[in-house]
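Using the sequences provided together with the hints, build the complete structure.
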Amino acid sequence: QKEVEQDPGPLSVPEGAIVSLNCTYSNSAFQYFMWYRQYSRKGPELLMYTYSSGNKEDGRFTAQVDKSSKYISLFIRDSQPSDSATYLCAIVNAGNNRKLIWGLGTSLAVNP
Amino acid sequence: DAMVIQNPRYQVTQFGKPVTLSCSQTLNHNVMYWYQQKSSQAPKLLFHYYDKDFNNEADTPDNFQSRRPNTSFCFLDIRSPGLGDAAMYLCATTLAGGGTEAFFGQGTRLTVV
Numbered sequence: 001q002k003e004v005e006q007d008p009g010p011l012s013v014p015e016g017a018i019v020s021l022n023c024t025y026s027n028s029a030f031q032y033f034m035w036y037r038q039y040s041r042k043g044p045e046l047l048m049y050t051y052s053s054g055n056k057e058d059g060r061f062t063a064q065v066d067k068s069s070k071y072i073s074l075f076i077r078d079s080q081p082s083d084s085a086t087y088l089c090a091i092v093n094a095g096n097n098r099k100l101i102w103g104l105g106t107s108l109a110v111n112p
Numbered sequence: 113d114a115m116v117i118q119n120p121r122y123q124v125t126q127f128g129k130p131v132t133l134s135c136s137q138t139l140n141h142n143v144m145y146w147y148q149q150k151s152s153q154a155p156k157l158l159f160h161y162y163d164k165d166f167n168n169e170a171d172t173p174d175n176f177q178s179r180r181p182n183t184s185f186c187f188l189d190i191r192s193p194g195l196g197d198a199a200m201y202l203c204a205t206t207l208a209g210g211g212t213e214a215f216f217g218q219g220t221r222l223t224v225v
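These protein sequence lines are chains P and S, in that order. The numbering used here numbers the first residue of the first sequence as 1 and each following residue consecutively. The numbering used here numbers the first residue of the second sequence as 113 and each following residue consecutively.
One or more of the hints may lead you astray.
Calculated cross-link-like contacts (lysine-lysine; reagent style DSSO-like; alpha-carbon spacing at most 30 angstroms) [what the hints assert, rightly or not]:
1. LYS156/S - LYS70/P
2. LYS42/P - LYS2/P
3. LYS42/P - LYS56/P
4. LYS2/P - LYS67/P
5. LYS150/S - LYS70/P
6. LYS2/P - LYS56/P
7. LYS2/P - LYS99/P
8. LYS156/S - LYS67/P
9. LYS156/S - LYS56/P
10. LYS164/S - LYS42/P
11. LYS164/S - LYS150/S
12. LYS70/P - LYS99/P
13. LYS2/P - LYS156/S
14. LYS56/P - LYS99/P
15. LYS70/P - LYS56/P
16. LYS99/P - LYS42/P
17. LYS164/S - LYS129/S
18. LYS2/P - LYS150/S
19. LYS164/S - LYS99/P
20. LYS156/S - LYS99/P
21. LYS42/P - LYS156/S
22. LYS99/P - LYS150/S
23. LYS99/P - LYS67/P
24. LYS150/S - LYS42/P
25. LYS2/P - LYS70/P
26. LYS42/P - LYS129/S
27. LYS129/S - LYS156/S
28. LYS67/P - LYS56/P
29. LYS129/S - LYS150/S
It should be emphasised that the hints constitute simulated quantities derived from the structure, not laboratory data.
Right, dumping it as C-alpha cells:
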C-alpha cells in the first residue's frame, strides 16, 4: 500500500462547480498536510497547509483533514477556468527530516 | 519577489555531457531539496540538505550529485545525462523547526538530445 493515495483523474467540471479533491494516507503518525497546485511547466505552488483535523478555509478553497479516517480533501467553490491545473496533496513525515510524501496529483480542467 | 529561484528555466544538454542546475533562495531556510518530476508524475525526491548535512535517497542514481556551498545556494550536477534523465527538476526549501511548508522554485526543464 502506498503511503499516500490520490486519484489522478482527469477531472473535468463546468465553470462554477464545486470541486472535491481527495487523498488517503496510511500512517497515522503523519501530522502535516498540504495541497499544492501545479500549472503546466511550472513548479508546485503551496495552496493550503494544515496540521489538525477539521477545516481550514482560504477564499474559495477549503482544506479538510479527518485523521480518524486518514483522509484529506480540498474543496474549490465557484471553480474558474484559471483553476485548471494539477493538484497534489503532500504530507510531511515530521520524524524524517520533514520529508514530503506526495500523492500522484489530480489533473483538473474547469470548462468555461 | 521570487523566493526560490532556479536557473536556467530550460536546459538542453547532449547525451553524456555534464550539466549543472542551480537553485538560490532568499528565505534563509536550512533545508533544501532537489526533486525530479516526469510528466504526469509526482515529484520524486533525489536528495536534500539539512544545513550542511547531505541526505541521499537510496534509489537516487550515482549519476546525480549535489553541492551546497552556503545557505542560499544549492546545485544539482548530472555527470552523464541519459535520455531517461529528461525531466523537470525542482528545488524546494523549508525551515526545519519552523513551519513545515516547502516552497518550490519554478523548476528547470531538462532536455537531453
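Now the hints, each set against the structure:
1. LYS156/S - LYS70/P: holds, 22 angstroms
2. LYS42/P - LYS2/P: holds, 26 angstroms
3. LYS42/P - LYS56/P: The given pair, whose Cα atoms are some 26 angstroms apart, holds under the 30 angstroms limit.
4. LYS2/P - LYS67/P: At roughly 17 angstroms apart (the allowed maximum being 30 angstroms), LYS67/P and LYS2/P satisfy the hint.
5. LYS150/S - LYS70/P: holds, 27 angstroms
6. LYS2/P - LYS56/P: holds, 26 angstroms
7. LYS2/P - LYS99/P: holds, 15 angstroms
8. LYS156/S - LYS67/P: holds, 25 angstroms
9. LYS156/S - LYS56/P: holds, 27 angstroms
10. LYS164/S - LYS42/P: This hinted pair holds, its Cα atoms lying about 28 angstroms apart.
11. LYS164/S - LYS150/S: It holds: about 28 angstroms lies between the C-alpha atoms, which stays within 30 angstroms.
12. LYS70/P - LYS99/P: With Cα atoms ~18 angstroms apart, LYS70/P and LYS99/P stay inside 30 angstroms; holds.
13. LYS2/P - LYS156/S: holds, 14 angstroms
14. LYS56/P - LYS99/P: holds, 23 angstroms
15. LYS70/P - LYS56/P: Holds: LYS70/P and LYS56/P sit about 16 angstroms apart, inside 30 angstroms.
16. LYS99/P - LYS42/P: Holds: LYS99/P and LYS42/P sit about 21 angstroms apart, inside 30 angstroms.
17. LYS164/S - LYS129/S: holds, 27 angstroms
18. LYS2/P - LYS150/S: Holds - the C-alpha atoms of LYS150/S and LYS2/P are around 19 angstroms apart, at most 30 angstroms.
19. LYS164/S - LYS99/P: This hinted pair holds, its Cα atoms lying about 16 angstroms apart.
20. LYS156/S - LYS99/P: holds, 11 angstroms
21. LYS42/P - LYS156/S: holds, 15 angstroms
22. LYS99/P - LYS150/S: Holds - the C-alpha atoms of LYS150/S and LYS99/P are around 19 angstroms apart, at most 30 angstroms.
23. LYS99/P - LYS67/P: Distance of about 19 angstroms is within 30 angstroms: holds.
24. LYS150/S - LYS42/P: OK: LYS150/S and LYS42/P at ~12 angstroms, within 30 angstroms.
25. LYS2/P - LYS70/P: holds, 13 angstroms
26. LYS42/P - LYS129/S: Holds, at about 25 angstroms.
27. LYS129/S - LYS156/S: Given pair LYS129/S, LYS156/S holds - Cα atoms ~23 angstroms apart, limit 30 angstroms.
28. LYS67/P - LYS56/P: With a Cα-Cα distance of about 14 angstroms, the restraint between LYS67/P and LYS56/P holds, given a limit of 30 angstroms.
29. LYS129/S - LYS150/S: Within the cut-off at roughly 20 angstroms; holds.
When held up to the earlier numbered hints, the structure conflicts with none and fits them all.
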